[in-house]
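A.B. asks: Residues per chain are reported as follows:
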Amino acid sequence: MAVSVDEAMSTGPVRDHTPPARRFGGRGRSVLEIALLTVLAVVMLFPVLWMIETSIKENRDVYAIPAKFFDFTVTLDHFKDVFVASSGRSALSASFLNSVVVAGVSTVLATVLGVPAAWAYSRFAVKAKKDQLFFILSTRFMPPVVVVIPIFLMYRQVGLIDTKLGLILIYTAFNVPFTIWMMKGFVDEVPAEYEDAAMLDGYTRLQAFWRFTLPLLLPGIAATAVFALIFSWNEFVFAIFLTSSDDVRTAPPAIAGLIGGTTVDWGLVAAASVVFALPVLVFAYLVRKHLVAGVTLGAVRR
Amino acid sequence: MAGIEVTALHKRYPDGTVAVEHVDLSIGDGELFVMLGPSGCGKTTTLRAIAGLERQTTGDIRIGDTLVNDLPPAERDIAMVFQFYALYPHLRTRDNLAFPLRAEGLPKAEVRERVDEAARLMRLGPLLDRRPRRLSGGEQQRVALARALVRRPRAFLMDEPLTNLDAELRADMRTEIKHLQGELGTTMVYVTHDQVEAMSLGHRIAILNKGRVEQIGTPLEVYDRPASLFCAAFIGSPPMNLIEVEVADGKLRSQGGLALTPPPGLPRDRCLVAGVRPEALEVTEPGAERSVPARVVSAEWLGDEIIYVVDHGGQRDVRVRMPPTVRFAADAPVGLRHTGGTPAVYDVSTEELVA
Numbered sequence: 000m001a002v003s004v005d006e007a008m009s010t011g012p013v014r015d016h017t018p019p020a021r022r023f024g025g026r027g028r029s030v031l032e033i034a035l036l037t038v039l040a041v042v043m044l045f046p047v048l049w050m051i052e053t054s055i056k057e058n059r060d061v062y063a064i065p066a067k068f069f070d071f072t073v074t075l076d077h078f079k080d081v082f083v084a085s086s087g088r089s090a091l092s093a094s095f096l097n098s099v100v101v102a103g104v105s106t107v108l109a110t111v112l113g114v115p116a117a118w119a120y121s122r123f124a125v126k127a128k129k130d131q132l133f134f135i136l137s138t139r140f141m142p143p144v145v146v147v148i149p150i151f152l153m154y155r156q157v158g159l160i161d162t163k164l165g166l167i168l169i170y171t172a173f174n175v176p177f178t179i180w181m182m183k184g185f186v187d188e189v190p191a192e193y194e195d196a197a198m199l200d201g202y203t204r205l206q207a208f209w210r211f212t213l214p215l216l217l218p219g220i221a222a223t224a225v226f227a228l229i230f231s232w233n234e235f236v237f238a239i240f241l242t243s244s245d246d247v248r249t250a251p252p253a254i255a256g257l258i259g260g261t262t263v264d265w266g267l268v269a270a271a272s273v274v275f276a277l278p279v280l281v282f283a284y285l286v287r288k289h290l291v292a293g294v295t296l297g298a299v300r301r
Numbered sequence: 000m001a002g003i004e005v006t007a008l009h010k011r012y013p014d015g016t017v018a019v020e021h022v023d024l025s026i027g028d029g030e031l032f033v034m035l036g037p038s039g040c041g042k043t044t045t046l047r048a049i050a051g052l053e054r055q056t057t058g059d060i061r062i063g064d065t066l067v068n069d070l071p072p073a074e075r076d077i078a079m080v081f082q083f084y085a086l087y088p089h090l091r092t093r094d095n096l097a098f099p100l101r102a103e104g105l106p107k108a109e110v111r112e113r114v115d116e117a118a119r120l121m122r123l124g125p126l127l128d129r130r131p132r133r134l135s136g137g138e139q140q141r142v143a144l145a146r147a148l149v150r151r152p153r154a155f156l157m158d159e160p161l162t163n164l165d166a167e168l169r170a171d172m173r174t175e176i177k178h179l180q181g182e183l184g185t186t187m188v189y190v191t192h193d194q195v196e197a198m199s200l201g202h203r204i205a206i207l208n209k210g211r212v213e214q215i216g217t218p219l220e221v222y223d224r225p226a227s228l229f230c231a232a233f234i235g236s237p238p239m240n241l242i243e244v245e246v247a248d249g250k251l252r253s254q255g256g257l258a259l260t261p262p263p264g265l266p267r268d269r270c271l272v273a274g275v276r277p278e279a280l281e282v283t284e285p286g287a288e289r290s291v292p293a294r295v296v297s298a299e300w301l302g303d304e305i306i307y308v309v310d311h312g313g314q315r316d317v318r319v320r321m322p323p324t325v326r327f328a329a330d331a332p333v334g335l336r337h338t339g340g341t342p343a344v345y346d347v348s349t350e351e352l353v354a
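Chains as they are written, first to last, in numbering that gives the first Met the number 0: chain A, 0 to 301; chain B, 0 to 354.
None of the hints are false.
Quick look at which bits of chain B chain A covers, simulated, 3 or more residues with Cβ under 8 Å: (1) 11-24; (2) 63-74; (3) 85-91; (4) 96-107.
Here are the in silico distance ranges between beta carbons for each label pair: (5) A/Ala119 <-> B/Val195: 33 to 41 Å; (6) B/Gly39 <-> A/Pro115: 26 to 34 Å; (7) A/Ala119 <-> B/Gly39: 20 to 28 Å; (8) A/Leu205 <-> B/Arg133: 24 to 32 Å; (9) A/Ala283 <-> B/His21: 52 to 60 Å; (10) A/Ala124 <-> B/Leu183: 29 to 37 Å; (11) B/Val195 <-> A/Ala124: 30 to 38 Å.
20 Å max Cα-Cα, derived DMTMM-like pairs, lysine to aspartate or glutamate: (12) A/Lys129 <-> A/Asp187; (13) A/Lys129 <-> B/Asp14; (14) A/Lys126 <-> B/Glu53.
These aren't lab readings, by the way, just hints derived from the structure by calculation.
Quick caveat: nothing in here was measured; it's all calculated off a predicted structure.
Virtual Cβ for every residue (Gly too), placed ideally from N, Cα, C.
Given these sequences and hints, build the entire structure.
C.D. replies: Written out as structure tokens, the structure reads:
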């Protein structure tokens, strides 16, 4: 269903016409703005460009002094090395697969648990609702790294150290509060009357939620899930503390592990980083419209 | 079609808020019954309890002969129209109308027939293929009404259906709803906070306050003899003047000397307040016959009438409705005369009508 929340909510055919954008001062000012923005863009984008460049340079060009910006031979060997090792599949490719599993499953779990919870908090009179919601939010107050050691000890007791399940559980635990809070905002925006009307029309409350509210929530769910996915995909601290073997380890600690030997294969590090960054970029690009809706939701009152 | 009986309804939320203290209603078959009250008085909660969208804490609800306390909304055979129209945004008007019928599993031909009939009744012909967001507020509300009546329910429940419309459209829709209800003869429970809507629509009106019924009566009864000081202050624009009076030589006398005919059976030794409608008073030249001295504080020129606000003998802000031809300047000394019949009299301590 391709209705965004905003479209679905507007009650009349008449749309507000936003006033024309405010003009900034004279020409000098716009030149200054462009200059500043250019500097900012270069500073922000240079590391990314350098990473991409390094990933396609031959090793001698990578270490060349002075550095070569344009005049180098393009090669895809590093990318091959990311996936293929002499003995078959590389350890890195296994870690990418682990990342996909861990991030994917924890995101799905957080969504499946968080969305109905958000719906319930939004729709029903729950005892001490505000306190419960505050408690849920409070689990995100501290930096996650604070609990690494307790979690490590607990995981050792129950045998979750160095397992994918362990990572999935901890990522889900971090994403559920976030999902509940973000989704509650979206559910609040969908009038409860849809469900009331559907219930009077012969549906049960759950059917009403499933058939009417849920489709209207899809943009919000997409936005929330992308944020959860990005968190799980990028997470480094828990991954490096709680996992050690190659067949469990996710990509971030695996890539970090490439650095630190006597020599560092920067070409391989760069190529692995590019491969690692791509999926999230693509995913975020696909749902960018919903992401913006998700971030700005609630900023404008109707 | 069926009447609705609400007995000793009480609703308390888990967080301790009491939305409905105690409500008894007996709504007749085919009646257009209005629940009127300020926000937070429990009228919407009562309506939602009748619909089955809220479960009452205690009390019984009967629709027709059926006790519906434990029935889900779908099995109560009622239709509801919401303030926010709650049309399914992804469905065209036609499908919005057909939706409840398809949910019931009616054969296609009958669904089409009933949708067409409802569309004709509400004049929705050109709108049938549009989605809700391509409809104006008034059109959406007409569709919502059509969706309610397409099911031929035993009763309609209306939750402030006109509040989101602009004034002119609201008046049109009011007429339309009244006409429709008369034609179909279906029981309708209508919730509003707008007294004009209540007075113009209702066969009977229930005035609710703080989760209790203050008064039930026809619009005229409610207007002429409000059952409590709350009703007196709520109904009428401007509302009733509440004038402190005491009984002296067979008359009700205000501090300023205004004399009113006392109703029979007045209790003695109590602080009394007389409710006098603005149109039961008259501003006259000072010293006119049977008038008491007063002073004009301000005048509201409404075109078809003038509302004078006058002070008289310690009683401030007495409102008097006069035809636009009678003009007095602000601050002018005038006379104030009672022209109406026997006023409603209230006990100050119980706030209820005593005679």
